[in-house]
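Protein chains: 2
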Amino acid sequence: MSITAPLGFRAAGVAAGLKASGRPDVALVVNDGPDHVAAAVFTSNRVVAAPVVWSRTVVGDGVAHAVVLNSGGANACTGPDGFGDTHRTAEHVADVLGVSAGDVLVCSTGLIGERLDLPALFAGVDDAAGRLAADGGPDAARAIMTTDTVPKEVLVEGADGAWRVGGMAKGAGMLAPALATMLCVLTTDAVVDAEDARAALADATAATFDRIDSDGCMSTNDTVALLASGASGVRADRAAVTAALTRACGALARALIADAEGASHDIAVTVRGATSVPAALAVARAVTRSNLLKAAVFGNDPNWGRVLAAVGTVPADVAPFDADALDVAINGVQVCRAGGVGEDRAGVDLAASREVRIDIDLHAGAAEDVTVWTNDLTHDYVHENSAYST
Amino acid sequence: MSITAPLGFRAAGVAAGLKASGRPDVALVVNDGPDHVAAAVFTSNRVVAAPVVWSRTVVGDGVAHAVVLNSGGANACTGPDGFGDTHRTAEHVADVLGVSAGDVLVCSTGLIGERLDLPALFAGVDDAAGRLAADGGPDAARAIMTTDTVPKEVLVEGADGAWRVGGMAKGAGMLAPALATMLCVLTTDAVVDAEDARAALADATAATFDRIDSDGCMSTNDTVALLASGASGVRADRAAVTAALTRACGALARALIADAEGASHDIAVTVRGATSVPAALAVARAVTRSNLLKAAVFGNDPNWGRVLAAVGTVPADVAPFDADALDVAINGVQVCRAGGVGEDRAGVDLAASREVRIDIDLHAGAAEDVTVWTNDLTHDYVHENSAYST
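Chains as they are written, first to last, in the numbering used here: chain A, 1 to 390; chain B, 1 to 390.
Don't take each hint at face value.
Identical copies carry no separate label here, and so any pair may be met within one copy or between two of them.
In silico SDA-like links for lysine to any residue, alpha-carbon gap of 25 Å or less [as the list claims (entries may be wrong)]:
1. K19 <-> D301
2. K19 <-> G340
3. K19 <-> A346
4. K19 <-> P138
5. K19 <-> R345
6. K19 <-> F83
7. K19 <-> E343
8. K19 <-> N300
9. K19 <-> D344
10. K19 <-> E114
11. K19 <-> G347
12. K19 <-> G342
13. K19 <-> A258
14. K19 <-> G130
15. K19 <-> H383
16. K19 <-> A123
No wet-lab data here; the hints were simulated from the structure.
Between the sequences and the hints, there should be enough to build the whole structure, so can you do that?
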């Protein structure tokens, strides 16, 4: 149930003093091979943190030996000096591990616009290197947490049981496609070539992390990295790797939503009957970004008018539909039928469970169903995000 | 300072029992001519309320004699029956006033998905018709309030002082372009032809109501209607009418933001140095829709990293800029310079005033500055919107 469960990996997590709280804040993940295949996807934000710029280059050749991750600072919007800090961090890790700096991925998370305390970070790397262990995954998962209340880990078996995918992720706010704001490291001991790894990771994240949206805010630091050691000696084809990665990423994405800042409800918005998957996604995302709807769910109010008002904001060329054909069900009660009043909204009990299902039928086409997860908008969200940096 | 200040108009506002609170909820505005020129702009939401469907048709010929407005129910998502209710309302008003139903604009605001109490509404219309007065504007302004805490009215003099524009508006939540969620009636006693009225209103609303965004949520009922009586006997050209309407709409838009649900700060996001006005608008809107930034402002935290993270979400084909060239000033303190750390954020005191200025320089082009107004995201916003319909 961690990134060190697949063969060929060691990890560690330590407290280096980057967090004022004194909690663990530096993680190291090492791929001992025999293969050192790597792939990664990053935020699509145009304002990206120094570690994203660095890691994009590292992963370009499909090879990486290690990932260093820190919480306690995003190293974003820190200019050329911040990029130098990331570069020096990679070089330091490379020296300690005896690998090339060009094979060290760097991930950072925390406040934007502050330089990292490099001496503290380097001491943390040294400490972590001395603690690297084949059961160190859980320590690493704890060291990347920011406002997360629990570490997020996953373990998935390959189709034939002969290889595994392990994963860890952090992220509790600023979650929006694409990607959901987060750091994620995935490991596998399957034998997989670099191009298959890249394609499988892209498909898996598109179907999972890109379909959660906690607060509509896109981060500067999102990174999902995959390391493949080949240590099982068993070759996996692209389809099998994609399937396993999708299961792993899906579980981690769901765990991120379940721990989102201040949330009291997880909301699954499913759109059916669209003319295409992109059309369905556009409608689902519009609904998951409605502050009014999300505040209503917090108040256990099945205010379906706010669902329709959000659906109606999607341009016709993006998602064709007839407003008078829209059906909406909340927790299975069809509160809106053909764009008008359906069953009594009093029949919907949102207080009964954390999970809320909003099903929208556009009656416009035959595209497969698309589900995007979000949270309600709560007092605690406002509180956490009005006090984060001060 | 009201819609009855220009010559040729009478208005009234009464309590008809549509609101559970017993507060005024039906308003009537009559243009006594000699001209009956009318223009209107409506929500761009594809899910529109029955009164919007009706009023679009009414205004098609550039003529209207009266506007009936109700709070206490939006008559949205009410299907063919709801449209029938609007149609019958217009016919009732027409009968009472002795005009054609096709010259009666209808506006509704309140909860979506509930039918209106027509007998109560009709009784309210009868009552209002009996109270129509040349100083009835303020009563009408009060009758269209929902969660507004104060009525919003304006009076602007034409360039030569020979004619006037009066206005009233309501709207305190679900405010987003285009339009900001709201009802607004503008009156003028200038002599203006229908095509000039239409063009002037479109330009005035694009520069004002379309540049406020309280919570990113677009309404189903937004209507801005202009009635021109010609009673001053003075002809006004398109430019003069546009200028006066822009001043009137600007003042009302600013008043809407100042009264937005639960807000404790009004935030002016100004974008300069864009390659075009649409590019500047896209950047400003991305920033005004960042829940994280808005929560930070509520906490009096000048978290400029959240400004950059929002700016970076705008696609490059929409707004070309170099992320390493971005400058951000908050209340005049340049906290971000060239995409990195600028002056000390501790120099920004957000607690000192309700108004917050965020200035973003893209250094990409020479388009004119664009300002979009929004609010902070507060506990009170969450509270009001989690309890509105229950």
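Evaluation of the provided hints:
1. In this assembly of identical chains, the alpha carbons of K19 and D301 lie at most 25 Å apart only when taken from different copies (19 Å versus 39 Å within one copy).
2. Proximity of K19 to G340 under the C-alpha cut-off of 25 Å is restricted to the inter-copy arrangement: shortest distance 22 Å between copies versus 52 Å within a copy.
3. In this assembly of identical chains, K19 and A346 lie within 25 Å of each other by CA distance solely across copies; the values are 20 Å between and 47 Å within a copy.
4. Taking the closest pair of Cα atoms, K19 and P138 come within 25 Å of each other only inside a single copy of the chain (19 Å); across copies the shortest separation is 57 Å, beyond that limit.
5. Taking the shortest Cα distances, K19 and R345 sit within 25 Å of each other only across copies (20 Å), while inside one copy they are farther apart (46 Å).
6. For the identical chains of this complex, K19 and F83 are intra-copy neighbours only, at 20 Å inside a copy versus 59 Å across copies, given an alpha-carbon limit of 25 Å.
7. In this homomeric assembly, K19 and E343 come within 25 Å of each other (Cα to Cα) only across copies, at 23 Å, whereas the closest approach inside a single copy is 51 Å.
8. For the identical chains of this complex, K19 and N300 are inter-copy neighbours only, at 22 Å across copies versus 36 Å inside a copy, given an alpha-carbon limit of 25 Å.
9. Taking the closest pair of Cα atoms, K19 and D344 come within 25 Å of each other only across two copies (21 Å); inside a single copy the shortest separation is 50 Å, beyond that limit.
10. Taking CA atoms no more than 25 Å apart as the test, K19 paired with E114 passes inside one copy only; the shortest distance there is 13 Å, against 51 Å between copies.
11. Proximity of K19 to G347 under the C-alpha cut-off of 25 Å is restricted to the inter-copy arrangement: shortest distance 24 Å between copies versus 47 Å within a copy.
12. When the C-alpha separation of K19 and G342 is checked against a cutoff of 25 Å, the pair qualifies only between copies, where the shortest distance is 23 Å, while the shortest distance within a copy is 52 Å.
13. Taking the shortest Cα distances, K19 and A258 sit within 25 Å of each other inside one copy (24 Å), while across copies they are farther apart (39 Å).
14. Taking identical chains as interchangeable, the C-alpha atoms of K19 and G130 lie at most 25 Å apart only when both belong to the same chain, with a minimum of 21 Å there against 70 Å between chains.
15. Only within a single protomer do K19 and H383 lie at most 25 Å apart by alpha-carbon distance; the minimum there is 20 Å, versus 33 Å between protomers.
16. When the C-alpha separation of K19 and A123 is checked against a cutoff of 25 Å, the pair qualifies only within one copy, where the shortest distance is 14 Å, while the shortest distance between copies is 66 Å.
Checked against the numbered hints given earlier, this structure breaks none of them.
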